[in-house]
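Student: Protein chains in written order, with the numbering used here: chain D, 1 to 594; chain W, 1 to 225.
Don't take every hint at face value.
[What the hints assert, rightly or not] Subject to a maximum C-alpha distance of 27 Å in a straight line, what follows is the list of computed DSSO-like cross-link-like pairs (lysine-lysine):
#1 D:Lys-462 x W:Lys-91
#2 W:Lys-91 x D:Lys-91
#3 D:Lys-460 x W:Lys-91
#4 D:Lys-507 x D:Lys-497
#5 D:Lys-586 x D:Lys-8
#6 D:Lys-206 x D:Lys-488
#7 D:Lys-431 x D:Lys-390
#8 D:Lys-507 x W:Lys-150
#9 D:Lys-507 x D:Lys-390
#10 D:Lys-449 x D:Lys-488
#11 D:Lys-449 x D:Lys-460
#12 W:Lys-154 x W:Lys-91
#13 D:Lys-206 x D:Lys-431
#14 D:Lys-91 x W:Lys-154
#15 D:Lys-488 x W:Lys-150
#16 W:Lys-150 x D:Lys-431
[Claimed, not checked] Interface residues of chain W toward chain D, partial, derived using beta-carbon atoms under 7 Å:
#17 Tyr-89
#18 Glu-97
#19 Phe-176
#20 Ala-200
#21 Ala-209
#22 Tyr-213
#23 Tyr-215
#24 Ile-220
What the hints contain is simulated information worked out from the structure, not anything from laboratory work. Cβ coordinates follow ideal geometry from the N, Cα and C atoms, glycine included.
Residues per chain, in single letters:
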Amino acid sequence: MTTPRRLKPADAVIIGYGWTGAILAKTLTDAGLHVVALERGPARDTSPDFEYPRIADELRYGIRGELWQPLASETVTVRHTLNDTAVPYRKYGSFVLGNGVGGAGVHWNGMLWRASPEDLRFRSHIEQRYGKHFIPAEMTIQDYPVSYEELEPHFDHFENVCGVSGVAGNLRGTLRPVGNPFEGPRSNEFPTPPLPAIYAAQLFEKASAELGYRSFPIPSANSSVAFTNPYGVRLGPCNLCGYCERFGCFLYSKASPQTAILPILAERPNLEVRTSAYVIRILQDSSKKRATGVVYIDENGQELEQPADLVVLSAFQMHNVRLLLLSAIGTPYDPSTGNGVVGKNYAYQMCGGTAAFFGDDVPINPFIGAGAAGLRVIDEFNSDHYDHSKVGFIGGAMIYAGGTGGRPIEQMLLPPTVPQWGRGWKAAVRKHYRHSAPVTLQGTVMSYKDRYLSLDPTYKDKYGIPLLRITFDWHDNEYRMAAYTASKMEEIVRQMKPESQATLLMKPGNHYDVRIYQSTHTTGGAIIGTNPENSVINRYSQSWHLPNLFIYGASAFPQNIGYNPTGLLAALAYFSADKLKSSYLKSPGPLVSS
Amino acid sequence: MDRRKFLLGAAPAVGLASLVSAGCEPSSGTQGHSYAPTYFRPAEWDFVLAAVSRLIPVEGAGPGGIEAGVPEFIDRQMELPYGHGAYLYLKGPFHPESPAALGYQLRYTPREIYRLGIEDANATARQTHGMDFARLDPARQDQFLESMGKGLLKFPTVSAAVLFTQLLENTKEGYFSDPIYGGNRGMVAWSWIGFPGARADFTDWIDQAGTEYPYGPVSIGSART
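Pulled out of the complex, with its shape left as it was, chain D reads as follows (with noise of 0.2 Å):
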């Protein structure tokens, strides 16, 4: 093998120009350090990459996944179980990987939540409550070392970077009659006022309020206005186009890095963006103390040395993971002993949904749509918001309502009675097509002592580097919580009185199947917590092992939450951004002693 060529130092290198990356490269620059960012896929504008209408196409990015990262030339392998031999995800279904600057920023929903109070300090909250014979043995939750109450002010700052619309429950303490009820408390309403429901929404804010639940508005990085962020930077208000998740916004108002970040960052002198440049190794120095860089290759297929003080692992979870195994940094996951840390506590989310099939007096008008904004949410039965004793599982989902849009390849639905082709389908896509309405639940995933991630045996990436690994499957208590949460979502729908109703959910027997879309929210690997024996990263998201590498996203995740991840890895970036302003870069070395 050749030595890779030498570049010249710089201060700081940035893994994975995604949210993260942004918001670490604003961070760095800001202080004045030179900063390398490295992106593995192309450069990505609002303009020309995601112009209408040539961005109102749904096979182009819908389906053939224009944005996604491409599986020809790295995918992951997955098995259900530590005796399988895993295979590998030759085609997309059940997650879809970021690419290209902005990452999954660019095609994600724009549904920014907040974690619960309790999410962060699971394990304690549940033994407190229920006993520590509550969780079961295989279970390896833990608390995050880091609460709402720091947090919050993070939380606060990033959906003002992002204008997020929607409308606070609990005001600096005071519950209010509006919002979600089971939030912590904010500092500050909404930067920007939620957009009105969508027809499908309307039906289950009535439904829900006939049965006693509250529904409100998701959190959304659609901006419901014009709006002005901390930053300076515009957005504009969302139009409901129907073609948000998994496409770009030609509009400017799903907040991506591009829409919200970025653009501050575009004329920096001491920041350059290398995009085409496929980081394949952390170094290390001889004493295994102290990150030096980092290898790529760039579009030449020429492998490049860049060296840093200052390392940011900030690519996609299971990049990060990745990375971390292939620079064999840290001790890696034995499931069979429990010892190691890298590529621990991996985990999903468990989703399901029923979709309302009404009569053709009701015109649900699936296109108008967009990722998070008009869409309704009840967060009743997520997280530990309803008392578990009974139940037999931990853990919950929230269950929202309506499409977030009605492209007709991939969001038709149907009755599982109607033919799969032929004339009896013509016919029921005109029926039912602008006639029905989804109803979701997205709910968590706990973390166990056989599932986890690690390096694949046998298969590579296209330049002959070991690929991850995924093992993992559902367990009785997801199966549990998907069952009983999937009684209450039924119910909702029941009451919004359809023709016809029909549920997919994963029970006892379905094993974890990728060929299905499911969730982009995959979790841990490279985790949070109080000390090298039990985490990753300490609570500024520094590595226990090489302080001067800094993992960011939602790898650091103990366990999954039911919501989507990007608040929650935001404000965990930029609560360790500030320590890194106050403390780390004028006096360098570990935040927290081991």
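With chain D held as given, fit chain W onto it using these hints.
Tutor: The following block gives chain W in isolation, referenced to the frame of chain D:
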């Protein structure tokens, strides 16, 4: 004569492909449109035309798959990176015996699935019915497709269910995607279901939930109905 009845009623003595290339498509809107396939060979093209005309048939109200240009869509997709497997991870070793829940585990690109699968399908049709699939009457074609989908037919290379899934997926894509790809000609499928296509602007409808949206579709190329 009524071309629809002709196509439906008569057991085709000639391949459907030759009917289409002679301008005999069962459509009022697209008469005279001929398309010469680039990827598919004549016998394969007959199969695709016959299969699409059963998966989304002309019978009943609403546009059929042939009228919507679905076969042209599929042929053109085969020439794009998609057809060549650019969206798939295709490195071995291959374990097709893996649980179905672990997803696609074959070595084949979409082009190969059609090439190998159609040959097997026609060989099976000849064995059981004495003729290629395209020459069967519509009722038998339906039965054959049904058996393929359920995996009841055993093809030696690409399984019947894999070919069927590929066909059905591409057929629905061709029916509902933007006309720039060759299917959904004249936005007939969008008009049929009431999808406004690439309009992507509902500002004036944000506060009119519960009102039927009145406008027909537009496409990326700005075609209107």
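Student: If a hint holds in the structure, say so; if it does not, say that too.
Tutor: Hint by hint, here is what the structure shows:
no. : hint                  : verdict
1   : D:Lys-462 x W:Lys-91  : holds, 9 Å
2   : W:Lys-91 x D:Lys-91   : holds, 12 Å
3   : D:Lys-460 x W:Lys-91  : holds, 8 Å
4   : D:Lys-507 x D:Lys-497 : holds, 25 Å
5   : D:Lys-586 x D:Lys-8   : holds, 23 Å
6   : D:Lys-206 x D:Lys-488 : holds, 15 Å
7   : D:Lys-431 x D:Lys-390 : violated, 42 Å
8   : D:Lys-507 x W:Lys-150 : holds, 23 Å
9   : D:Lys-507 x D:Lys-390 : holds, 20 Å
10  : D:Lys-449 x D:Lys-488 : violated, 30 Å
11  : D:Lys-449 x D:Lys-460 : holds, 26 Å
12  : W:Lys-154 x W:Lys-91  : holds, 26 Å
13  : D:Lys-206 x D:Lys-431 : holds, 25 Å
14  : D:Lys-91 x W:Lys-154  : holds, 24 Å
15  : D:Lys-488 x W:Lys-150 : violated, 34 Å
16  : W:Lys-150 x D:Lys-431 : holds, 26 Å
17  : Tyr-89                : holds, 4 Å
18  : Glu-97                : violated, 10 Å
19  : Phe-176               : holds, 4 Å
20  : Ala-200               : holds, 4 Å
21  : Ala-209               : holds, 4 Å
22  : Tyr-213               : holds, 5 Å
23  : Tyr-215               : violated, 11 Å
24  : Ile-220               : holds, 5 Å
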